[in-house]
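Undergrad: Residues per chain are reported as follows:
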Amino acid sequence: MAWEVFKKPTKWSIMRSLILKEIDELIFGSLGIIIFIAFFIGGVVTIQTALNLNNPFLPKSLIGFAARQSVILEFAPTFTSIIMAGKVGSYITSSIGTMRVTEQIDALEVMGINSLNYLVFPKIIAMFMYPFAVAIAMFIGVLGGWIAAVFGGYAPSGEFIKGLQMDFESFHVTYAFIKTLVFAYVIATVPSYHGFYMKGGALEVGKASTTSFVWTSVVIIILNYILTQLMLG
Amino acid sequence: MIKVENIHKSFGDAHVLKGISATFDSGKTNLIIGQSGSGKTVFLKCLLGLFEPEQGNINYNERMYSSLSTAEKRDLRQEMGMVFQGSALFDSMTVEDNVMFPLNMFTKQSRAEKQERVDFVLHRVNLVDAHKKYPSEISGGMQKRVAIARAIVMNPSYLFCDEPNSGLDPKTAILIDTLIQEITKEYNITTVINTHDMNSVMEIGEKIIFLKDGLKEWEGTNKEIFKTDNTAVTDFVYSSELFKKVRQMYIEERN
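Those sequence lines, one after another, are chains A and B.
For the first sequence, the numbering used here assigns the number 1 to the initial residue and increments by one for each residue that follows.
For the second sequence, the numbering used here assigns the number 1 to the initial residue and increments by one for each residue that follows.
So that you can see chain A by itself, here it is in the shape it has in the complex (with noise of 0.2 Å):
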């Protein structure tokens, strides 16, 4: 399947909007759920690290240290990941399936259209805008941490900033966006292939759906396991 998604392009000028809508429906799209999402997770971060240094000896700073390290290293990138294996992964491979069920990919093959690359590489392209959604969701996430602390009274302002700045090591934000542009290839491949190669009907459309969004969290998962590994080992 990879070879064939690049082989025999389309047509630029039809790929260039294919790319756009694709941008639109994939990225924009789930924009507001990954603002919601990062923004909640990042505040129960905070408050679960709050409540576990009751040592009065520790500094309020390591609140936004442990919560900046969590959302950048894990939350945004992999939580983030599983919620558009979710989301993405499940449109894709319906609706890929539902044109494979009605002969609409038939259709295109018949006029002597890699189907293949008319569908899937588009979404494969779009996904790459997908870090900046995942740098979205690592602000909010902040964001989100820091409103926590303060307005719950866990830790003043000052010294959750203080704690966001301390040992950082910028290679912690590359390492987050190696792993989100893996993950983007896996979201826009996994469900793609489920949708494609699907066989039967309506009701077969809505498994292939649920295997997908369970294969692309499986895959996401060993990934970030292997990747921490390399990376970070």
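A hint or two may mislead.
[Stated by the list, open to error] Far from chain B, by Cβ distances over 12 Å, these chain A residues were calculated:
id, residue
1, PHE40
2, VAL44
3, ILE83
4, VAL101
5, GLU103
6, GLN104
7, ILE105
8, ILE161
9, HIS172
10, PHE177
11, LEU203
12, LYS207
13, ILE222
[Unchecked claim] Heads up, simulated EDC-like pairs for lysine to aspartate or glutamate below, C-alpha to C-alpha not over 16 Å straight-line:
id, chain 1, residue 1, chain 2, residue 2
14, B, LYS45, A, ASP106
15, B, LYS185, B, GLU203
16, B, LYS171, B, ASP119
17, B, LYS45, A, GLU109
18, A, LYS7, A, GLU109
19, B, LYS227, B, GLU252
20, B, LYS223, B, GLU203
21, A, LYS199, A, ASP106
22, B, LYS133, B, ASP119
23, B, LYS73, A, GLU109
24, B, LYS216, B, GLU5
25, B, LYS45, A, GLU103
The set of hints was computed from the structure by calculation and includes no laboratory data.
Since the structure is predicted, the reported quantities are computational estimates derived from the model, not experimental observations.
Backbone N, C-alpha and C fix where the C-beta goes; we use that ideal spot for every residue, glycine too.
Following the hints, complete the assembly by docking chain B onto the known chain A.
TA: The following block gives chain B in isolation, referenced to the frame of chain A:
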């Protein structure tokens, strides 16, 4: 013209096509009929180039498909139009965009030229006020017309139709049959229709091929099908009481 020579196609242990030879003439409506599981759809997909037969040749106006390069096969595909059983219209596009789709993909025409061509073919299939509607907003008969318009928009040499009447009321079915036959004659297209509909067989069957168990059992016209003594054909075609009576009347009239 499409000339098929001794094609075989298997899926695992299932030998679906067991050596079919046939000729489909241009300017004629060629029908493939047969019971479910007789190999009609596989045969049509072989003609479309979606399945490659293990043995045998398919010639499109003296061009042997198996000996064509990938680029030549792609060019040949652009000479083909297909009307699918469920219409297979792109549901995210309007009627106009569906019909314009092949022009967008394969031509360098200006927007005005493409629009003119789309207006022409939609007018030809008697759809004048559905341009901006989506497939889900129009009836099954209208969807079939859009599918026909999309299939002929590139001026194809070959038109393939898989069960074009399925799901349509008898009156609309006849209108669709007539439209396909008119277009076939008008543009001298080689039209191959896969059908179960006996009304189509009687109305537009200028050449009929009856398949049974992956073999060509009978070949003839809609006139000849009344006279045939082939029991497999008569059992299939005259399975309904109505057609049994029609045939009886024909025989009585002839005697």
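Undergrad: For each hint, tell me whether it holds in the structure or not.
TA: Evaluated hints:
1. PHE40: Non-interface label stands for PHE40/A: nearest chain B Cβ at 33 Å, farther than 12 Å.
2. VAL44: 38 Å, holds
3. ILE83: The claim stands: ILE83/A keeps its Cβ more than 12 Å from every Cβ of chain B (closest is about 25 Å).
4. VAL101: 9 Å, violated
5. GLU103: 4 Å, violated
6. GLN104: Non-interface label on GLN104/A violated, nearest chain B Cβ at 5 Å vs cutoff 12 Å.
7. ILE105: Non-interface label on ILE105/A violated, nearest chain B Cβ at 9 Å vs cutoff 12 Å.
8. ILE161: 47 Å, holds
9. HIS172: Correct as stated: the minimum Cβ-Cβ distance to chain B is 41 Å, above 12 Å.
10. PHE177: 32 Å, holds
11. LEU203: Nearest chain B Cβ is 17 Å from LEU203/A, so the label holds.
12. LYS207: 21 Å, holds
13. ILE222: Check passes; 33 Å lies beyond 12 Å.
14. LYS45/B with ASP106/A: 10 Å, holds
15. LYS185/B with GLU203/B: 15 Å, holds
16. LYS171/B with ASP119/B: Outside the cut-off at roughly 25 Å; violated.
17. LYS45/B with GLU109/A: 11 Å, holds
18. LYS7/A with GLU109/A: The given pair, whose Cα atoms are some 14 Å apart, holds under the 16 Å limit.
19. LYS227/B with GLU252/B: OK: LYS227/B and GLU252/B at ~12 Å, within 16 Å.
20. LYS223/B with GLU203/B: Holds. LYS223/B to GLU203/B sits at ~10 Å (cutoff 16 Å).
21. LYS199/A with ASP106/A: 13 Å, holds
22. LYS133/B with ASP119/B: With Cα atoms ~14 Å apart, LYS133/B and ASP119/B stay inside 16 Å; holds.
23. LYS73/B with GLU109/A: 12 Å, holds
24. LYS216/B with GLU5/B: 12 Å, holds
25. LYS45/B with GLU103/A: Distance of about 13 Å is within 16 Å: holds.
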